[in-house]
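Protein chains in written order, with our numbering: chain V, 123 to 284; chain H, 123 to 284; chain G, 123 to 284; chain Z, 123 to 284; chain U, 123 to 284; chain W, 123 to 284.
Among the hints, a few may not be true.
Just so you know, same-sequence chains aren't split out, so a pair can sit in one copy or run between any two.
Unchecked claim - Straight-line Cα separation of at most 30 Å, DSSO-like style, residue types lysine-lysine; simulated pairs: (1) K159 x K216; (2) K278 x K259; (3) K259 x K156.
Hint data in this document are derived by calculation from the structure and do not stem from the laboratory.
Protein chains: 6
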Amino acid sequence: MADISGKAVSRRIAIAGGKIHLGEQAFSLLMEGKLPKGDPLAMAEIAGIQAAKQTSSLIPLCHPISLNRVTIHSVPRPDDHSVELFCVTEIAEKTGVEMEALTGLSVALLTIWDLTKPVNAALEISNTRLLFKSGGKRGTWIHPDGMPEEAQAIVKDLLGGL
Amino acid sequence: MADISGKAVSRRIAIAGGKIHLGEQAFSLLMEGKLPKGDPLAMAEIAGIQAAKQTSSLIPLCHPISLNRVTIHSVPRPDDHSVELFCVTEIAEKTGVEMEALTGLSVALLTIWDLTKPVNAALEISNTRLLFKSGGKRGTWIHPDGMPEEAQAIVKDLLGGL
Amino acid sequence: MADISGKAVSRRIAIAGGKIHLGEQAFSLLMEGKLPKGDPLAMAEIAGIQAAKQTSSLIPLCHPISLNRVTIHSVPRPDDHSVELFCVTEIAEKTGVEMEALTGLSVALLTIWDLTKPVNAALEISNTRLLFKSGGKRGTWIHPDGMPEEAQAIVKDLLGGL
Amino acid sequence: MADISGKAVSRRIAIAGGKIHLGEQAFSLLMEGKLPKGDPLAMAEIAGIQAAKQTSSLIPLCHPISLNRVTIHSVPRPDDHSVELFCVTEIAEKTGVEMEALTGLSVALLTIWDLTKPVNAALEISNTRLLFKSGGKRGTWIHPDGMPEEAQAIVKDLLGGL
Amino acid sequence: MADISGKAVSRRIAIAGGKIHLGEQAFSLLMEGKLPKGDPLAMAEIAGIQAAKQTSSLIPLCHPISLNRVTIHSVPRPDDHSVELFCVTEIAEKTGVEMEALTGLSVALLTIWDLTKPVNAALEISNTRLLFKSGGKRGTWIHPDGMPEEAQAIVKDLLGGL
Amino acid sequence: MADISGKAVSRRIAIAGGKIHLGEQAFSLLMEGKLPKGDPLAMAEIAGIQAAKQTSSLIPLCHPISLNRVTIHSVPRPDDHSVELFCVTEIAEKTGVEMEALTGLSVALLTIWDLTKPVNAALEISNTRLLFKSGGKRGTWIHPDGMPEEAQAIVKDLLGGL
Chain V
123 MADISGKAVS RRIAIAGGKI HLGEQAFSLL MEGKLPKGDP LAMAEIAGIQ AAKQTSSLIP
183 LCHPISLNRV TIHSVPRPDD HSVELFCVTE IAEKTGVEME ALTGLSVALL TIWDLTKPVN
243 AALEISNTRL LFKSGGKRGT WIHPDGMPEE AQAIVKDLLG GL
Chain H
123 MADISGKAVS RRIAIAGGKI HLGEQAFSLL MEGKLPKGDP LAMAEIAGIQ AAKQTSSLIP
183 LCHPISLNRV TIHSVPRPDD HSVELFCVTE IAEKTGVEME ALTGLSVALL TIWDLTKPVN
243 AALEISNTRL LFKSGGKRGT WIHPDGMPEE AQAIVKDLLG GL
Chain G
123 MADISGKAVS RRIAIAGGKI HLGEQAFSLL MEGKLPKGDP LAMAEIAGIQ AAKQTSSLIP
183 LCHPISLNRV TIHSVPRPDD HSVELFCVTE IAEKTGVEME ALTGLSVALL TIWDLTKPVN
243 AALEISNTRL LFKSGGKRGT WIHPDGMPEE AQAIVKDLLG GL
Chain Z
123 MADISGKAVS RRIAIAGGKI HLGEQAFSLL MEGKLPKGDP LAMAEIAGIQ AAKQTSSLIP
183 LCHPISLNRV TIHSVPRPDD HSVELFCVTE IAEKTGVEME ALTGLSVALL TIWDLTKPVN
243 AALEISNTRL LFKSGGKRGT WIHPDGMPEE AQAIVKDLLG GL
Chain U
123 MADISGKAVS RRIAIAGGKI HLGEQAFSLL MEGKLPKGDP LAMAEIAGIQ AAKQTSSLIP
183 LCHPISLNRV TIHSVPRPDD HSVELFCVTE IAEKTGVEME ALTGLSVALL TIWDLTKPVN
243 AALEISNTRL LFKSGGKRGT WIHPDGMPEE AQAIVKDLLG GL
Chain W
123 MADISGKAVS RRIAIAGGKI HLGEQAFSLL MEGKLPKGDP LAMAEIAGIQ AAKQTSSLIP
183 LCHPISLNRV TIHSVPRPDD HSVELFCVTE IAEKTGVEME ALTGLSVALL TIWDLTKPVN
243 AALEISNTRL LFKSGGKRGT WIHPDGMPEE AQAIVKDLLG GL
């Protein structure tokens with residue numbers, strides 16, 4: 123675990139995004155609220171928040187940090203029967219917060235998997251990416267492919283603009 | 123958390139697979155053992171094993187189970203500068219073991235992310251899928267797209283054939 | 123931690139019950155779905171399930187066990203502006219499952235507290251009791267004061283009658 | 123998990139209180155040090171301290187914080203054969219510390235339950251309340267019913283007076 | 123994590139032993155119950171039991187198992203101002219229980235360290251050894267140097283003799 | 123858990139050291155990379171780092187802290203067929219960091235034990251000591267017996283000299 127004692131404290135935000143492809147049937151059941159084990163999106167939100175707080179116990183070289191904010195946003199994508207999730211993390215410390223966003227995102231996606239797998243075993247998670255980070259020595263970074271508009275709206279809401 | 127008391131105990135195996143796209147530079151540094159924070163594949167293996175054991179504390183409706191086996195296998199893919207991982211889980215209990223394989227896989231992929239992100243912020247995890255499961259009421263299931271040959275070899279090694 | 127190696131494995135069920143008194147305003151906001159931080163009952167259910175699985179790491183002399191079932195049931199009580207929760211746990215092992223039911227119940231009640239405390243700081247949790255247990259050497263036990271009808275219905279649903 | 127980055131850091135103290143009703147026989151055995159599994163009050167103190175430190179992993183929307191102090195105080199109440207516990211938490215951060223006090227208290231009470239249940243299955247936990255908090259934007263708050271004298275003494279000891 | 127699915131279930135017991143050297147002053151304060159932070163031996167017992175249950179989350183290749191018994195025994199050794207601890211673990215599973223005994227022992231010793239370090243910074247833990255194991259394919263094993271008489275008494279108590 | 127709110131924040135470093143005696147055969151197999159379960163030193167490093175981060179959940183009165191650095195260094199000692207480990211922890215907080223160094227060290231040593239025990243059941247951990255600490259009210263402290271030269275080199279590297 124690298125030394126971070128010389129780094130400056132600054133407000134840091136990260137947004138990670140990714141998709142779970144449910145297939146037509148599971149996607150319809152999700153949209154209609156008919157999945158047998160409860161509401162996957164509500165449960166994914168809580169599981170993702172809890173997991174983001176456990177990042178340093180899951181990823182060996184991550185520092186334990188005091189997250190100021192974790193939120194999970196879900197956007198159904200009827201075109202390809204997927205749900206896209208965004209996980210936003212924020213901190214005022216000496217180290218970045220990307221791994222927390224990615225860990226919260228991944229566990230939220232896996233929670234949706236767990237609740238839809240009785241309907242479709244051939245699920246797929248894809249496009250797990252860091253979309254945005256700000257703060258720290260290197261300042262604001264946006265993924266070279268840009269961000270989905272929902273992620274842009276989150277940034278606008280948090281920082282007043284890109 | 124659903125009742126599983128009426129289910130039969132059987133030997134159950136699951137294999138999950140997924141890829142992390144590193145880009146040309148980070149992939150080369152990984153292959154040459156020159157990444158600054160140590161060997162990502164060795165660390166990913168341990169982190170993935172540890173995470174698979176924590177599945178029930180991460181995924182809300184997963185039952186706590188006593189895993190008999192967790193292994194992580196990594197295969198570098200020079201064609202697209204990615205590393206493909208497989209996580210194999212095995213159990214002799216009343217409930218399936220897919221979520222444990224997927225959780226071990228996801229945390230192993232995130233550990234590689236953490237160790238290569240100083241070189242490339244635009245990493246991507248994709249193709250997270252359940253490839254194989256056996257045991258339980260429904261018996262053997264193989265992903266409709268088939269399995270990479272490395273995953274086929276794992277099954278052959280564990281079960282003596284497909 | 124006492125030796126349980128000589129005990130017989132049997133199906134064991136426990137039901138714990140307890141109430142959180144919200145006061146008139148917070149109770150109304152909860153019923154109308156207008157509390158600022160989201161739906162306390164949905165979140166309490168997940169938090170209680172997760173906590174029941176962590177019982178042996180919280181209560182020093184509790185054995186680690188593989189729960190077959192954890193469910194949380196919430197019943198609003200308009201008469202005294204409270205919510206009554208029931209936590210049901212089930213196992214097929216050598217040791218009882220009361221502490222798991224009580225731990226799941228307590229954390230579920232605390233989760234409702236966390237989400238309603240912005241409205242009322244003078245909340246109160248009361249009546250935390252074991253209502254029912256079955257299985258093990260001593261067989262079925264019902265609290266001397268009897269059980270609320272909702273808990274009776276749970277027992278009927280699980281065991282076909284009292 | 124709400125954003126707390128804009129809040130001021132201040133010294134915050136919380137005291138939670140609650141009772142476990144043991145019944146005459148278990149209360150006598152506890153007072154005489156004759157309970158079969160060891161000293162419940164000593165064990166409850168340690169379990170409560172440990173649990174208070176785990177609050178953010180138990181209560182979904184609680185922020186991970188660095189507690190400066192956790193103490194558990196137990197007061198036997200021969201009148202109703204109960205033990206009353208107080209859990210005091212202190213922090214210098216941007217967020218309150220009530221849930222930590224309540225979580226430490228609840229797990230301490232459950233630990234006494236676990237150690238007295240061989241004698242009496244019909245135990246009851248009641249009167250779980252926040253008694254006092256200080257610090258933060260809203261300043262000092264005392265429960266409208268006042269505080270037991272033991273809790274008043276704790277506040278006096280910590281803050282030099284009410 | 124190695125495959126254990128083919129192994130037989132048997133009653134397995136392990137005893138680990140080790141010493142913490144306190145120095146004359148800290149040893150005297152411990153014996154007189156005058157250490158500032160409470161009773162180290164009582165706290166060490168609970169911490170060791172809790173840690174033994176967490177072994178599989180601490181030691182990467184340890185299987186998660188359901189311990190039937192964990193006990194910690196402490197023996198003051200005035201001759202060299204040390205305290206010798208024994209940790210006994212028992213299980214009925216397919217895998218051994220030595221690492222659980224060693225983990226419980228080590229954390230119990232560290233807990234005594236934490237409570238005596240205000241008096242002496244030059245503490246030392248030594249002689250951490252597996253003293254005894256029984257059950258499994260290889261049957262009973264005793265450390266080639268033999269066992270202290272207190273450990274022999276524990277074995278006699280559990281198994282009726284060596 | 124003692125109150126630390128009045129203490130000053132300062133850069134604090136601790137180094138703990140200890141040895142595991144492997145015996146001739148296991149030491150040779152370790153040196154030749156021929157142990158059956160993988161590379162113990164690499165795995166011990168990761169397990170030790172992870173454990174140091176969990177110190178406050180293992181040692182009852184340890185405060186939860188945000189470690190800035192954890193590193194594990196291993197030095198084979200062919201003379202007595204042992205491996206000596208050093209665990210270095212660093213923090214900028216109000217409380218010391220010795221227990222974190224000792225916990226990381228102990229779990230790293232136990233991980234080597236777990237991977238070499240198939241070859242030798244009569245392993246031994248000894249000489250677990252705090253070697254060095256700096257920062258805090260009392261300033262720099264070195265073990266009265268001095269430090270091995272490898273630990274001296276670590277201090278020189280971190281602080282530019284003793």
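Hints, verified against the model:
Taking the shortest alpha-carbon separations for K159 and K216, only the inter-copy value of 18 Å comes in at or below 30 Å, while the best intra-copy value is 41 Å. Within a single copy, K278 and K259 get their C-alpha atoms as close as 21 Å, and across copies as close as 28 Å, so both meet the 30 Å cut-off. Proximity of K259 and K156 under a CA criterion of 30 Å is satisfied inter-copy only: 24 Å between copies versus 47 Å inside one chain copy.
The structure agrees with every numbered hint stated previously.
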